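Peer 1: Hey, can you piece these two chains together into the complex? The hints should help.
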Amino acid sequence: MSTAVWHQIFNYDDYGQVLALVANSIVAAAVLGVVGGLISTFVLMRDLAFAVHGIAELSFAGAAAALLLGVNVVAGSLAGSVLAAAIIGALGVRARDRNSSIGVLMPFGLGLGVLFLSLYKGRAANKFGLLTGQIVAVDMPQTAWLIGVSVVVLLALAVVWRPLTFASLDPDVAAARGVPVRALSPVFTLVLGLAVATTIQIVGALLVLALVVTPAAAATRVTASPRLIPLLSVVFAVTSVVGGILIAVGGSIPISPYVTTIAFVIYLGCRVAGGVRTRNGWARRPAPAAG
Amino acid sequence: MSAVSPNGAPVSGQPGVVAPRAASGTPAVLSLTGAELRRGERVLWSGLDLELRRGEFVAVLGPNGSGKTSLLHAIVGRLPLSAGTLLIDGRPPRRGSDLIGYIPQQRAVAPHTPLRARDLVRLGVDGHRWGLPLGGRRLRRRVDELLTEVGALAYADMPLGLLSGGEQQRVRIAQALVTDPAILLCDEPLLSLDPHHQNAIVELLDRRRRAHGTAVLFVTHELNPVLPLADRVLYLAGGRFRVGAPDEVMTSSVLSELYGGQVEVIRSHGRYLVAGAPVTYAAGGARS
Numbered sequence: 000m001s002t003a004v005w006h007q008i009f010n011y012d013d014y015g016q017v018l019a020l021v022a023n024s025i026v027a028a029a030v031l032g033v034v035g036g037l038i039s040t041f042v043l044m045r046d047l048a049f050a051v052h053g054i055a056e057l058s059f060a061g062a063a064a065a066l067l068l069g070v071n072v073v074a075g076s077l078a079g080s081v082l083a084a085a086i087i088g089a090l091g092v093r094a095r096d097r098n099s100s101i102g103v104l105m106p107f108g109l110g111l112g113v114l115f116l117s118l119y120k121g122r123a124a125n126k127f128g129l130l131t132g133q134i135v136a137v138d139m140p141q142t143a144w145l146i147g148v149s150v151v152v153l154l155a156l157a158v159v160w161r162p163l164t165f166a167s168l169d170p171d172v173a174a175a176r177g178v179p180v181r182a183l184s185p186v187f188t189l190v191l192g193l194a195v196a197t198t199i200q201i202v203g204a205l206l207v208l209a210l211v212v213t214p215a216a217a218a219t220r221v222t223a224s225p226r227l228i229p230l231l232s233v234v235f236a237v238t239s240v241v242g243g244i245l246i247a248v249g250g251s252i253p254i255s256p257y258v259t260t261i262a263f264v265i266y267l268g269c270r271v272a273g274g275v276r277t278r279n280g281w282a283r284r285p286a287p288a289a290g
Numbered sequence: 000m001s002a003v004s005p006n007g008a009p010v011s012g013q014p015g016v017v018a019p020r021a022a023s024g025t026p027a028v029l030s031l032t033g034a035e036l037r038r039g040e041r042v043l044w045s046g047l048d049l050e051l052r053r054g055e056f057v058a059v060l061g062p063n064g065s066g067k068t069s070l071l072h073a074i075v076g077r078l079p080l081s082a083g084t085l086l087i088d089g090r091p092p093r094r095g096s097d098l099i100g101y102i103p104q105q106r107a108v109a110p111h112t113p114l115r116a117r118d119l120v121r122l123g124v125d126g127h128r129w130g131l132p133l134g135g136r137r138l139r140r141r142v143d144e145l146l147t148e149v150g151a152l153a154y155a156d157m158p159l160g161l162l163s164g165g166e167q168q169r170v171r172i173a174q175a176l177v178t179d180p181a182i183l184l185c186d187e188p189l190l191s192l193d194p195h196h197q198n199a200i201v202e203l204l205d206r207r208r209r210a211h212g213t214a215v216l217f218v219t220h221e222l223n224p225v226l227p228l229a230d231r232v233l234y235l236a237g238g239r240f241r242v243g244a245p246d247e248v249m250t251s252s253v254l255s256e257l258y259g260g261q262v263e264v265i266r267s268h269g270r271y272l273v274a275g276a277p278v279t280y281a282a283g284g285a286r287s
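Protein chains in written order, with numbering that gives the first Met the number 0: chain A, 0 to 290; chain B, 0 to 287.
Just chain B, same shape as in the assembly (with noise of 0.2 angstroms):
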């Protein structure tokens, strides 16, 4: 698995300071391995080698329906791989692992949803759990930490519902975190959010995995604020993928031999600008 080891940050907008990426020695926190995964006769991708390590950022860009969810749900163990393995810090994945911490896409909350932020968090403190909800000072306390990490305290008693798309998913990271994971899977954390918080959003995530060795896989279609951070990009679309670093991989050459079609990629003061890649991918050249 030598395959794409990360270069340094390319176009990280914090020159000389690197990740704590650790050396290609140590062992990956996420490694998968000719991995296939299918969808009853559809194959999202086949053939895929991924190392993830300790502090590293990957974004995984593509089109709708290229399979990038799925990718999650398999690492998280919602989806086994029909070929190739998987494992999370050198062991098969596991539903409920403490390893992974998970942030869903931000999602309308309906304004009298019985849930304030606090509550948010502690469901991911002790929510899987059967029994009653008895809680102590304790957890208290680990929830207020988190979303003291996270900057959210000052409306942790606040519904969810009355809560901004950006302050949600500040205490979906600090729920997120509860466990201390090695890796944190990021599904789309900012669609529908305005780019000023996208930034802080990332900022926070880059934060932490600089600080705790956090690895992070972060499924987007905003390429802009994320691709200064990412050490490598995977790219996945119709069923063919490319691992490297974003300077390697958002190219036009690379992106149209991916979609099997003329897709140009332009790249102006450090920001990327994608135009002919289809949003979805249709169904049937999926086919390996």
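Next comes chain A alone, as it looks inside the complex (with noise of 0.2 angstroms):
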């Protein structure tokens, strides 16, 4: 029994062929990966970690609808991003009217999915995956639309990366500097939306925040500079979703499990060092301060 559930999950007989037949998904993954890496530094910045799982539950349930009526899944997925980017961007600034929403909107999206799901006849790999993530020996789906709407992503990212950093780190003064902090809001859901709806395709809506939450919580913990955060951000969700897929080819599970657990065990070890590195001051301070 036990040797069975082990050689369900680590069995590397023919390794190098599965690897090249999961090339296609190991490229996507990566590009995820930046995507993850970048938009969470920002989600951690604005402090919406909530409003990712919201999006993708509705995420979620749009990518079900999608099955269900034999549709593009992430076509599906990404309208259910925008749906619930929208409501969340109409629902204003304040993280309190914001979070008890989103609270609602969730359970919401989650049920319509479930509903899809079960009126499914299709393949169980299929609907299992949306909530867990994708069995990697399953062919990544639509890896172009992945590709696409990633780099869409990216570039709305590089556009307003400066006045988002200023409008979610320093708002009041960002205003005054004429800086469209309102206006910023609704943008930056709308590019969360899109990666959340990308990300889900990977590991699934209920572990999304794995890849768009952590790596940046993690790279916060030991750095305060600005470069090196979105860096170590994207290096940590390369290495846990990428890493997962490796693992993840020799067995039958999802990927899912390995790609929270890397992206967990960085995310531990940086507390550490962090911790360590706040005991010893943080950083070298020559002067005592005047005041």
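In case anyone wonders, no lab produced these hints; they're calculated from the structure.
These figures come from a predicted structure and were not determined experimentally.
Among the hints, erroneous ones may be present.
Some chain B residues judged to face chain A by a derived CB distance under 10 angstroms, without partners named [what the hints assert, rightly or not]:
hint : residue
1    : LEU71
2    : PRO110
3    : ASP125
The beta carbon of each residue, even a glycine, is placed where N, CA and C say it ideally should be.
Peer 2: Set out below in structure tokens:
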């Protein structure tokens, strides 16, 4: 029994051949890692972790509806995400109002998704995959779609990077300096919606946070540099998702447990390292502060 | 607009040192004429005339809700006046103007906020521009210069969340000085600082305006660190206002009139104590 389970998790008999089959998936995963790593820095700055979860559930409902109707699953997932992003964007900027509304929205989205999935008569693996991630042995659907949407997200981030940072971290002064603080909020939520919709295709709706929150949360534990945080965050996200796939191809369980575990271990490591750094005073401080 | 010409700093702690205020002939860096601001039905203030000249330090006092912060928002172009005119260096206010530096209230910064002291200043330099933050050596030097000016270079690389309130406010001043502004708007920069740091921040601003002729509009609840340096006071309360030298405005009769009730101003050893003034001005009487 236990050997059977073990064999299911780790089986590297034909590793080389399997790897060739999933090469596409690895490329797509690496791109999603870059997207997740970058977007997570803004999710953290704007305190939007809960919104990510809310968007993911509606995105899941959209994907489930697409599966039921036999149309493009990524498109369905995108439609759900964008709808959720529009609703959350319209809810306003204040975190307290936002969070309770997201809490209302989330179970509704999940419920809709469960309804659509139970009506769907296709392969069970497809159903399960939307919630907990794809089994890598199955060819990743619509790789081109994922990469296309990812490129859109990356371009959008590149354009709004500086004003979005300013508006997220220092909204009062940003507004006084002429940054369109209010307009940037729905813009970012929309970009976040696109990123979440694509990430769901790999790790599933329930585990999106591992790629869209954890990497930057880990990075900010060890550094406060605005250059290093996105860089580390991308490295962490890519390591988690590509590493997850490389391990998962040896077995027949979905990649998400591997991805989330790697991400979590990185986070733990960063917490420990950050704790040490904080105890040592974080940065060198030559002269005592005058005030 | 001959209304109130600033007289000599009345209770200045440094006798003989006079702020480099230009004669009343020089154009004002900021001028409000018959200005009125409404939020919904409520009139925050109306008929407001104020001219701010180079190097002048004007303290803006008054209870919560009297429209002090709204005045700053009008000046930075976030709120349009409902009547009257507002000119900054002779032109209407414009969002993101380089003529204005803005120092917000000190607010708690979460310890893992991804922002070091130098990054906050950097945001002031180019944070409002589109695109990626690709900075060069010149940018870094500029940030170092600004941090040096406010005495914050020692903790330039510390995360903002690990700095004390006073240190954070120094960094915020450096950020506000990025464009070498003609006007510094300060929105309660002393809030939640201890007296020692309050004085240090006020002195820093005072030095700046004397050395560079930067006009300072200083919104505050803390009278005593500020009034000895202020050339004039703008006191807002109950939809009414009074502009004048601290001595003229900070009297029992003037404040009682503004609040429409008995308010006692006690002066002792150059310090002011205001008794009987409500902390928050409740809406209602503000309709003029």
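Peer 1: Against each hint, give a clear statement of whether it holds in the structure.
Peer 2: Evaluated hints:
1. LEU71: Hint on B/LEU71: holds, closest Cβ of chain A at ~8 angstroms, below 10 angstroms.
2. PRO110: 8 angstroms, holds
3. ASP125: It holds, given that the least Cβ distance between B/ASP125 and chain A is near 6 angstroms, below 10 angstroms.
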